[in-house]
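Colleague: Sequence:
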Amino acid sequence: MFPQDVCLDGELWVGYDQYNTLASIIRKTAPQEEAYEMWKEVKFNVFDAPMHSGTYIERHSFASESISNCGPNICMIPIICCTGFTHLHATLDQIKSKKGEGLMLYHPTAKYTPGRTNIILKV
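With the working numbering, the residue at position 1 of the sequence shown is 1, and numbering never jumps.
Derived by calculation from the structure, the hints in this document are not laboratory data. Hints are not guaranteed to be accurate.
Said to hold, decoys possible - Within a straight-line C-alpha distance of at most 30 Å, the following computed DSSO-like cross-link-like pairs (lysine-lysine) qualify:
(1) Lys-43 - Lys-99
(2) Lys-98 - Lys-43
(3) Lys-28 - Lys-43
(4) Lys-28 - Lys-99
What the hints assert, rightly or not - Ranges between beta-carbon positions, derived for each pair:
(5) Lys-28 - Ser-97: 28 to 34 Å
(6) Pro-31 - Thr-109: 46 to 52 Å
(7) Pro-108 - Met-51: 15 to 21 Å
(8) Glu-41 - Pro-78: 18 to 24 Å
(9) Arg-116 - Lys-96: 19 to 25 Å
(10) Thr-109 - Gly-84: 15 to 21 Å
(11) Pro-3 - Ile-120: 22 to 28 Å
Small disclaimer: the values here were computed from a predicted structure and weren't measured. Note that the Cβ used here is the ideal one computed from N, Cα and C, for glycine as well.
Whole structure, please, built from the sequences with the hints as guidance.
Modeller: Okay, structure coming up:
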């Protein structure tokens with residue numbers, strides 16, 4: 001069961017380089033059984049809990065606890081602590097090799113700030 005009274009930030013996902021597949025599933029109007037089969041492949045990948053007042057690390061932990069009993073289609077994006085430029089580039093190369101979009105870099109002690117901010121960097 002999805003947690004009530006918890007605001008989570010994330011994205012729908014069916015796999016690397018599968019945006020068109022996801023868009024097709026979202027747009028399709030199909031009989032209930034067929035739609036259910038298509039939506040079984042979709043995951044909600046959670047990466048933040050913006051209404052929580054803590055730091056990014058605290059919000060991530062709160063979000064993870066909130067979805068712990070939700071089943072396999074609601075997943076927490078793991079935190080990988082970057083140890084430097086070499087580590088960053090190696091991790092980015094892994095993502096790119098799978099045709100992923102990139103990485104989001106969060107300042108671990110930052111409070112949530114709506115909109116574009118310098119505490120989150122997409123690479």
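Colleague: Against this structure, judge whether each hint is valid.
Modeller: Here's how the hints hold up against the structure:
Under the criterion of a C-alpha separation no larger than 30 Å, the hint pairing Lys-43 with Lys-99 is consistent with the structure, at around 18 Å. Restraint check for Lys-98 and Lys-43: satisfied, since their Cα atoms lie roughly 18 Å apart, inside the 30 Å limit. A hinted pair counts as satisfied when its Cα atoms are at most 30 Å apart, and Lys-28 with Lys-43 qualifies at roughly 17 Å. Restraint check for Lys-28 and Lys-99: the C-alpha separation of about 25 Å stays at or below 30 Å, so the hint holds.
For the hinted restraint 28 to 34 Å between Lys-28 and Ser-97, the CB-CB distance of approximately 30 Å keeps it satisfied. Look at Pro-31 against Thr-109: about 49 Å separates their beta carbons, and that is inside 46 to 52 Å. Taken as a hint, the range 15 to 21 Å holds for the pair Pro-108 and Met-51, whose Cβ atoms sit roughly 19 Å apart. The hinted window of 18 to 24 Å between Glu-41 and Pro-78 holds, with their beta carbons roughly 21 Å apart.
Against the hinted window of 19 to 25 Å, the Cβ-Cβ separation of Arg-116 and Lys-96 comes to about 24 Å, which satisfies the hint. Judged by the Cβ atoms, the range 15 to 21 Å given for Thr-109 and Gly-84 holds: they are separated by roughly 19 Å. Separation of Pro-3 from Ile-120 is about 23 Å and conforms to the stated range, judged on CB atoms against 22 to 28 Å.
Comparing the model with each numbered hint stated earlier shows that all of them hold.
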